[in-house]
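Visitor: Each chain, written out:
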Amino acid sequence: DAKTTQPPSMDCAEGRAANLPCNHSTISGNEYVYWYRQIHSQGPQYIIHGLKNNETNEMASLIITEDRKSSTLILPHATLRDTAVYYCIVRSSNAGNNRKLIWGLGTSLAVNP
Amino acid sequence: DAGVIQSPRHEVTEMGQEVTLRCKPISGHNSLFWYRQTMMRGLELLIYFNNNVPIDDSGMPEDRFSAKMPNASFSTLKIQPSEPRDSAVYFCASNQQMGQGVGYTFGSGTRLTVV
Chain A
1 DAKTTQPPSM
11 DCAEGRAANL
21 PCNHSTISGN
31 EYVYWYRQIH
41 SQGPQYIIHG
51 LKNNETNEMA
61 SLIITEDRKS
71 STLILPHATL
81 RDTAVYYCIV
91 RSSNAGNNRK
101 LIWGLGTSLA
111 VNP
Chain Y
1 DAGVIQSPRH
11 EVTEMGQEVT
21 LRCKPISGHN
31 SLFWYRQTMM
41 RGLELLIYFN
51 NNVPIDDSGM
61 PEDRFSAKMP
71 NASFSTLKIQ
81 PSEPRDSAVY
91 FCASNQQMGQ
101 GVGYTFGSGT
111 RLTVV
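Chains as they are written, first to last, in our numbering: chain A, 1 to 113; chain Y, 1 to 115.
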């Protein structure tokens, strides 16, 4: 399974864009990149996922490099409620029923007023 | 949709006692996952089910842990006997199997404290 590398912590000013990087240099061709976040004392929350094209939804944008070895999650206008730990995960290949997500330590994002 | 429902939210028990954690997945989801989260080890997958059948239990720490899914709408994680090192937050998650790229929905977790 491909592993990911994220900075342990980041700060962002409220109202500004938060850009969270993730390195997944060993990703294979059929593996997706997922982003989740976990707000304190809550369960992880799905944000977005992508394979090779950039993706956008109501929560965030996901930019994946052409070689797919890294990606960036963008929160366009961060609010205090976006303070959380953000996990970048590469999903193990869907061989049969193998559908585990391998979780790293994530990036602790602090949005400051 | 009420989401993934876990109970209890908090459990405090004495060492040696049996603990049962419960999970109701989202209706229509046919995959269910049990995770454990601690400060030291982060999120760890314990076991997951597909169509009520256990697929991979390699993350279950030892024989004291067992999980069942008697039907599509209910699963339990049991620890017997419990030990202080089992103290953690236990999460249940579910999703649909069909297709790549489907996100998981997590419950709010059960915070277990074994004293």
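In short, the hints are calculated from the structure, not lab data.
A portion of the hints provided could be inaccurate.
[Stated by the list, open to error] Quick list of the computed label-pair ranges, beta carbon to beta carbon:
id, chain 1, residue 1, chain 2, residue 2, range
1, A, N30, Y, N71, 28 to 38 Å
2, Y, P54, A, P113, 41 to 51 Å
3, Y, V115, A, T56, 43 to 53 Å
4, A, D67, Y, V115, 23 to 33 Å
Glycine included, every Cβ here is placed at the ideal spot set by N, Cα and C.
Visitor: Taking the hints in turn, state whether each one holds.
Guide: Hints and how they fare:
1. A/N30 with Y/N71: 28 to 38 Å: With Cβ atoms ~32 Å apart, the hint holds.
2. Y/P54 with A/P113: 41 to 51 Å: 47 Å, holds
3. Y/V115 with A/T56: 43 to 53 Å: With Cβ atoms ~47 Å apart, the hint holds.
4. A/D67 with Y/V115: 23 to 33 Å: 51 Å, violated
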